[in-house]
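**Q** Just so you know, the sequences run in chain order H and Y. Each residue of the first sequence is one higher than the one before, counting from 1 in the UniProt record's numbering. Each residue of the second sequence is one higher than the one before, counting from 1 in the UniProt record's numbering.
Misleading hints may appear alongside valid ones.
[Unchecked claim] As a list, the in silico DSS-like pairs of lysine-lysine whose alpha-carbon atoms are at most 30 angstroms apart:
| # | chain 1 | residue 1 | chain 2 | residue 2 |
| --- | --- | --- | --- | --- |
| 1 | Y | Lys677 | H | Lys355 |
| 2 | Y | Lys313 | Y | Lys429 |
| 3 | Y | Lys597 | H | Lys100 |
| 4 | H | Lys379 | Y | Lys682 |
| 5 | Y | Lys444 | Y | Lys346 |
| 6 | H | Lys140 | Y | Lys351 |
| 7 | Y | Lys120 | Y | Lys191 |
| 8 | Y | Lys266 | Y | Lys119 |
| 9 | Y | Lys599 | Y | Lys628 |
| 10 | Y | Lys180 | Y | Lys191 |
| 11 | H | Lys100 | Y | Lys428 |
| 12 | Y | Lys597 | H | Lys90 |
| 13 | H | Lys358 | Y | Lys180 |
| 14 | Y | Lys322 | H | Lys100 |
| 15 | Y | Lys367 | Y | Lys353 |
| 16 | Y | Lys322 | Y | Lys487 |
| 17 | H | Lys229 | Y | Lys120 |
| 18 | H | Lys109 | Y | Lys56 |
| 19 | H | Lys104 | Y | Lys150 |
Bear in mind the hints are in silico, worked out from the structure with no lab data behind them.
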Amino acid sequence: MLCESDSDAISEESESESEEEVFNDVRDSVETPPKKEEAKIKIKKQTKSFSAEDYFDAHVSSKVITSNHSLRKLEKPRLDQDTINDALQKMPKKHEKECKIIFKNLESKFRRWQCLLLEGFSLLLYGLGSKASLLNSFRKLVSSDEDDAIVINGFFPTLTLRDIFSAIIRDTLDYAVVPGDENECCNIILRHFNHSDSHHLYLLINNIDGQALQSSKAQNAIARISMAKKLHLVASIDHINAPLLLDQCLLAKLNLVWQDSTTMLPYYEETAFENSVMVQQSGKMVLSSLHSVFQSLTTNAKKILNILMENQLNAQEANYPGMSFRDLYQEAREQFVVSSNLALRAQLTEFLDHKLVKMKKGFDGSEMLHLPLPPAILKEFKSTHNFDSL
Amino acid sequence: METSSMSKGVFVYRGKRSKGGRKSRSPNKSSPRKIRKTREEEGLGYSQETWYPAYKCVLMSLEDQVQNLYTDMFAQLLENVSVFLGRTSSTAINEIPTAVVLTGINLPDHAVIFEAVEKKLIDDISPHVVLLSSRTCSTARHLFGQILNKCQFGDSEMEIESAEDSDDIETPQLRKRATKCTFSEISLWYKNQGSDKPVIVVLTDFEAFTPSVVEDFIYLASEYKSEVPVALVFGVATTETTVHCALPHRIMSRLAMETFATKNSKDVLSHLINEVILSSKCLFRIGGTVFKMLTDIFLFYDFSIQSFLQKFKFCMLNHFAKRGVFAVYCKDDLTVDFMTSKDVAKSIVPKLKSFRLFVEQHRGQEKLDLLTNDDHIKETVIRLENELLDHFDYFLVGLKCLHEMTASLPQHPLGRQVSDLYFEAVSKKIWEMPEYLKCASLWKHLSGTELEEQLDRILLILEGASNELAGLNEWIADITIVNAKLKRIFTGQRSASCSPKKQNKAAELSGLSRTQLQQQLKELSKSSPVQNKFELVRNEALELVDKMFRSLLRPPREMPLHELMLFDDLELAKKELMGNSRLALNKALFNPHHYLKCKCCEQKYEEGISTSFPDVCISYHLHLEFMKHINLYDWLQSFNLIVERNAEEEEDSPVSTETQARFTQSIADMQFLGFIKPTSRKADHVLRLTWGNNCA
């Protein structure tokens, strides 16, 4: 960690050569590993090594000029996830054999990993490639008749720390209730897994650097429970800046052993949650949730939603601020949907609770309401439900 | 895959231990425990290994020693704190006695210190000691609640016992918690208690507490002083001024503060190294380079003894795992003794480079025996192992002597600590190093008294160790003789203040003519200056010391079979203890062949980006050529060019759906890895988050 942060500060960009050099500058007395593959010499030929100057070159204030081409020139500007998956499925996979060999090699380290875990270390897997299948395979080895294992996908967008705690406390320790306080949860876990009578629990976290676990609260809690004697943590990181998450306190608690587990497998699962730039935001998940909430609404509530939607779809402005509460009330009254200000508010509360509608303060202080969905989805939604018949 | 789902992120895999396992424990309480224990003994794979007991034994002895060292080091501090709190809490003053313990910035070690503090205070002063950390005390209410919980329900372990005793409980229940968290509740509890011992509240990380919470607490505590005597301990990582800055004067005036400093963690480490790691009691010997790495991490990164020890433990585990039963750690326990000659010959000879070198040194029959005669090999191995272990003890004594001689020299050519000497001397002949030669020349300028003192100290070290190491006796004898000579000179010099010879010479010169005088002076300058008695003895002493160092400090790393004793795998330690995820990531993206070891990527390497690269690597290579903003369309076109390179090379060939899908996936990967992020600056552009290697 020490050297890594030092060297990376200087040569954030790629390539082994420069990093290695800086690395040695930091601790010059350390012997360099003598043998390096020939490939490295080739790299040397290929690229200049990066220096601090590059940083300033990259951040010159002058405007960066890029072409004005846009994806609209293509037949289909953006593909949706299903098309991509189909296309990739059909294509022959590159380097399938080599990937399998790498995977096998990594699997042969499992015994050593287990040994390290049982001696009180935690493992941090890094390197290119999805490590989900690797962790799953490790899980199969360690979860035996006696011991439990929990696999956590840190890349899952709505994961919370509470989910993890409840998985441990309710599902493996058989508590009826999970306490609300995080400290209390940590204490229960620590108490149980420090007890010599306890079984072992393997906590396998895909992407401990994932969006949901990035907060220092989550990191600290995980580090804290990893200190328990019979709770063993294996975590993977993928983000280039993930080591910045770990400060000295976390490192001391986690007691990490770093493992280069480059699998070279594509991140299909990790990127499947519709947040990529090139993927068409089909909004299927949003749409389906919208459908299910909509089913349970009363006719009047549906009408209110319709008014909001119409207003939003008819809006021409690029920066649609939303419909003001007063306008909505006016409109709803005209359609005999609500009779009083309060009744409308009661309806809106329901929308707000389900996050169907968002409320913002406008520049004049009035409440502006809008549906947090792109127009395409709104149109699709509108077309599936016959609003005119309401 | 089993762990992929669009609707949940946590997957639990329970063992076959039935869900009612806990219930069934009650009727036959001992049986599951027994089963578990035997399983532990059988081992989970690795503890079955034959080397494991040896490792465990060495580890235990190390942990014991560290524990003793800690107890010794903190004894004074704990005594002071306890005396202070004991004295002040018994006297009837209005202020709250407060001990500020300066703990230093090595945060990971604080837990150990406060554990010791807690234990000491419970033993000496009062059973009501509450350790609080800022994590659990975000408001005053929480703080009071914590105190009440700790005081009323005691420690967590008792709670577990009670849960186990009550057999009917189907599922473990949550601990009861105090509901009313106010100071009057604390005072009520204290009254029911009926003891007059003070309640000691320890705030382990004072800086992280919200000042207003501490203020409220102190204010209330001093108001309730007559009912509940409270004493405070603040753990402060920085300086005492933090307390003054955090609390206003009206609060400070209610405290009777005294500051106690813990030992500097750098001193603790050097103490640890000298007393434990570089002592003959420590059964695991670490190589110079790895050891230097560990101390460097300590000095440049975290100052934490705990993480230093964890890393040391990691080295130990790896050493034993690698060398297996052959790991040499203790003279009475040579595994080779118990093995058949055949096994020894099979397993040691071909593996160890140092042993092969040792064999090469011999000629004729001896060499043949060493290669073929199994019994002879076993005998030699045992002899060598014993020699190695013996020598290492001498080596450590030699290091300490050398440290005596070098530590006080100006500019410290060989470093200030024994460990500095160890880094070098363990693998190199230290007397050949220029730094050593510099030291040797500096020794020639030592005054008589300095030299005498140093010889005395060396004698002390040697005599201290000579009980176990008989080989030191001759050195002791020699040095005592020289030292005695030196002492005699000084006592002699005081009686005859000036040598008569020099006076005579001066008298001779005075009666000469000018030319004669010139002649005479020329001759005098040619002849070397006559050494006086002291210089002669000093040279003798220095030669002797030098000879001793050469014999004692023979580098253990150059001895045969050293691999079995020293852990010197720097590469492994560096890779696994410090990690370099960025390097690995970039290496894999830049040169996938490094990991894939495939033929296709290697051959075409010189062409730059190869068609056979994984998609994400192609995208990565292309993105290196862009500046801060990347046009997705252009990126896609370049990608298309590379992928379709083998097809007809026609400008702006239409992008197939397959290519677009591949590109899209690779972009998603890049975004996931944190190289790019979407931007709204311009349509269909992304922002590059790293820098370097743009061709512009």
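**Q** For every hint, state whether the structure bears it out.
**A** Going down the list of hints, with the structure as the test:
{"no.": "1", "hint": "Lys677/Y x Lys355/H", "verdict": "26 angstroms, holds"}
{"no.": "2", "hint": "Lys313/Y x Lys429/Y", "verdict": "28 angstroms, holds"}
{"no.": "3", "hint": "Lys597/Y x Lys100/H", "verdict": "12 angstroms, holds"}
{"no.": "4", "hint": "Lys379/H x Lys682/Y", "verdict": "25 angstroms, holds"}
{"no.": "5", "hint": "Lys444/Y x Lys346/Y", "verdict": "52 angstroms, violated"}
{"no.": "6", "hint": "Lys140/H x Lys351/Y", "verdict": "34 angstroms, violated"}
{"no.": "7", "hint": "Lys120/Y x Lys191/Y", "verdict": "25 angstroms, holds"}
{"no.": "8", "hint": "Lys266/Y x Lys119/Y", "verdict": "25 angstroms, holds"}
{"no.": "9", "hint": "Lys599/Y x Lys628/Y", "verdict": "34 angstroms, violated"}
{"no.": "10", "hint": "Lys180/Y x Lys191/Y", "verdict": "16 angstroms, holds"}
{"no.": "11", "hint": "Lys100/H x Lys428/Y", "verdict": "44 angstroms, violated"}
{"no.": "12", "hint": "Lys597/Y x Lys90/H", "verdict": "25 angstroms, holds"}
{"no.": "13", "hint": "Lys358/H x Lys180/Y", "verdict": "39 angstroms, violated"}
{"no.": "14", "hint": "Lys322/Y x Lys100/H", "verdict": "26 angstroms, holds"}
{"no.": "15", "hint": "Lys367/Y x Lys353/Y", "verdict": "16 angstroms, holds"}
{"no.": "16", "hint": "Lys322/Y x Lys487/Y", "verdict": "53 angstroms, violated"}
{"no.": "17", "hint": "Lys229/H x Lys120/Y", "verdict": "25 angstroms, holds"}
{"no.": "18", "hint": "Lys109/H x Lys56/Y", "verdict": "22 angstroms, holds"}
{"no.": "19", "hint": "Lys104/H x Lys150/Y", "verdict": "51 angstroms, violated"}
Checked against the numbered hints above, the structure violates hints 5, 6, 9, 11, 13, 16 and 19; every other hint is satisfied.
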